[in-house]
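**Student:** Assemble chain B onto chain A, guided by the hints.
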Amino acid sequence: MTAVPVPVALPVPKRRGLARRLLSTPQASVAAVLLVVVVAAVALAPLIASVPPDAIDPSHAFAPPSLAHWFGTDELGRDLFSRMLYGGRYSLGIAGCATVIAMLLGVAWGFVAGQAGGWLDEVLMRFVDVVMAVPIILFGLILVAAFGASVFTLAIIIGLLLSPATARIARAAVLAELQSDYCLAAVAAGVPRGRLLFGELLPNAGPVLIARASLVAADAVMIEASLSFLGLGIAAPAASWGTLLQQGYANIFSSLSYVAFPGLVIFVAIWVLNTLGDRLQAVLDPRRAR
Amino acid sequence: MINFILRRLGISVLLLAIVSVIVFVVLRVLPGDPTITLLGGAQGTDPAQVAQVRHQLGLDRSLPAQYWQWVDGLLHGHLGISYFSQTSVNSLVAQRIGPTLELALVAIVAAVLIAVPLAVLAALRPGGPADRVVAFFTTVTMAVPPFLVAIILVVLFAVRLRLLPSRGYVPFATDPGGNVQMLILPALTLALAAAAPILRFLRASLADVAESGYLLTAEGKGLPWGRALVTHALPNALLPTLTVVGMTIGQLLGGVVVIEYIFGWPGLGSLIVNSVLKRDYAVLQTSVLFAAGAFLLCALAVDVLYGVIDPRLRVRRKVASS
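So the protein sequences, as listed, match chains A and B.
For the first sequence, my numbering assigns the number 1 to the initial residue and increments by one for each residue that follows.
For the second sequence, my numbering assigns the number 1001 to the initial residue and increments by one for each residue that follows.
Treat the hints with caution; some may be incorrect.
[Claimed, not checked] Stretch-level coverage of chain A by chain B, calculated; a stretch enters the list once three of its residues show a Cβ under 8 angstroms from a Cβ in chain B:
id, segment
1, 48-62
2, 76-89
3, 124-134
4, 141-154
5, 218-227
6, 270-284
If you are wondering where the hints come from, they were derived from the structure by calculation, not from laboratory data.
Yeah, the Cβ is synthetic: ideal placement off N, Cα and C, and Gly gets one too.
Bound conformation, chain A alone:
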C-alpha cells in the first residue's frame, strides 16, 4: 500500500509588491516622497540652484524668503537655498558613507561574534559594551579632536561609533537564525562555514539589517549635525546642514528664516529615515517589529 499524498491547500497569503506594502501607511508614503525629493534636489544641486552657493551680495544680507531667494539669504547675502542644496551633499554624503561603514563593520562584527561563540564572542561583545558605555557624542568629540574633521574622517568616525549597536543587532539576528531548522539542515549537509554565514544567514537576516540601516542613517545625520553645530564639522567655507544651522543660530536675532530652514530640513531628514526604518522593520520582519 502506498500512501497517496493528499494535497493540502494551504492558504497562501496574497503577496503584494514590497513597495506597495511598504507605502501602505500615509506616513511612510509621505516619508518616501520626501526622501526622493530631498535626495534628488541635493544630487542635482548644480541644475537646481539658480545662484551659486558662494555668491556674496552684502546689500541683501538676512533677506527674508522671497521668489528670488526661496529660503532667504545669510549674513553675507548668500542664497540660503543654494547653500542648503550644496550643504546637503556634505550632510547626506557623510551620513551615507557612515551608514555603509557602520553596517559593513557592524554586521561583520556581529556575525563573527555570533557564529564563533566562546571567548571570541565574549571579547567582541564586551568591546561593544565598552564603546556603548559612553555617550556617542563624547567619543565623537575625542575622535574629531584627534583626527580632525574632513568629509573622510567624519564619515569614518560616525561609522565607527554607530557600528557597535549594529553589531549587537547582527549578532542577535545570527543567533536567532542559527536556531532555525534550515541552518541545522545546512550544517548537517556539510555546508562550509563561510557559505553558511554569507550564503544562508546573511540573506535571511537581511530584512532586519536593511531596516537597521535606515535607522543608522537617521542617527548619522543627527550626529553629523550635532558635531557641525558644535563647530566640529567640516571646515569653512564648506558648510553642511549642521554648519548652516549653527550660523543661523548665531544670527538668530537678525533672521529667523536663516535658522528655521536648516533646522526644518535636518528634522525632515531624520524623521524620514526613522519612519522608513520603522516601516521597513514592520513589513520585512513582522516578528521582530516593535
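**Tutor:** Chain B alone, transformed into the frame defined by chain A:
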C-alpha cells in the same frame, strides 16, 4: 545582593579603565600636537622651545609612563594641569560640576514630572483623544534632536516673546531669580528629550498592568478606574520604568554636552567642547573620563536600585547564576 553589587561595581571600574586607555591612546598617538598650538601654531617655531614645552608637559616621556602619570594623579586626586590656562583641572572641574549637576537634576526631575501624569492621563482612556495627543507628542519629541528643540524654545521664548534669556548663567547663590530664569530653557530642552522615552515606556507598562487580574478585582469591588490606575497600577508600572529613567539619565549626559554649549551654560559639557576646540588634552581626557564615570555610575545605581526594590529580580539572578 552584596555579591551582585560588588560584581557590577567591578565591571563598571573595568569599563572605566578601558575607556581611560582608549581616550588616552586616541589623544596621544594621533596627529595634532598641542605644543605647536600652544606656541602659536607657527611652523618655524624654535625646536628647542618646543622641546622645552614638551618636557614641561611631560609629553617627551614614553606613552605608558605618561598614562601612568595621569592615572596615578587621578587616583591621588590630581587631575592634571590645563595646557593653556595653567590652572589645575581640579579647579576647572570643581567650577563646572555644580552647574552641570543642577541642570541635569532639574531636567530629570522635570522629565519625570512631565512623563508620569501624561502617561496616566493617556492610560485613563486607551485610544481616547488624550491618548492620541500624548502618543503624537511622544513620536515628535523622539524624532527631534535636542539641539533643534533648544532652537525652537529660544526662538519662541527669547526671540519672539522676550520672556527668557537665550543664554547665560549666574550662580544660584548670587542671584537666585536670574539663575532660575536662565535655567528654564536648557532644563526644559533636556526634560522634553528625556520625557519622551519615559512616557512611552510607562504608557505601555500601564497598559500591561491594566490587564492583570488584581486590577480587575479592584474595579470589581467598586474602585473608580482612575483611582485603581493611580494607586494600584502605577506603582507596579513605575518599577520597570525605573530602568528607562536610568538609561535616559545616561543619554541626558550626552545631550548635556550640546545643550550646555548652546545655552552658554558653564558646565562640564561646555568644558569638554571648549577643550576639544583648543586641543587641551589634559582637560579633555579628564573631563571625558568624568562624564563616562558619571554615566557608568548612573547605570550601576539603576541596576542596584532595581534589585533593592524588586526582590523577584534578586531571586531570578541567583537562580540564573547558580
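**Student:** Work down the list of hints and note, for each, if the structure agrees.
**Tutor:** Checked hints:
Evaluation of the coverage hint for the segment 48-62 of chain A: breached, as 0 residues show C-beta separations to chain B shorter than 8 angstroms, against a requirement of three. Chain B is given as covering the segment 76-89 of chain A, and this is violated because 0 residues of the stretch bring a CB closer than 8 angstroms to a CB of that chain, at least three being needed. Counting residues of the segment 124-134 of chain A whose C-beta sits closer than 8 angstroms to any C-beta of chain B gives 4, which meets the bar of three, so the coverage hint holds. With 8 residues carrying a beta carbon less than 8 angstroms from a beta carbon of chain B, the segment 141-154 of chain A meets the three-residue requirement, and the given coverage holds.
A count of 3 residues in the segment 218-227 of chain A with a Cβ less than 8 angstroms from any Cβ of chain B is obtained; the coverage claim is therefore met, three being the minimum. Given a C-beta distance limit of less than 8 angstroms, the hint that chain B covers the segment 270-284 of chain A holds, as 3 residues qualify and 3 suffice.
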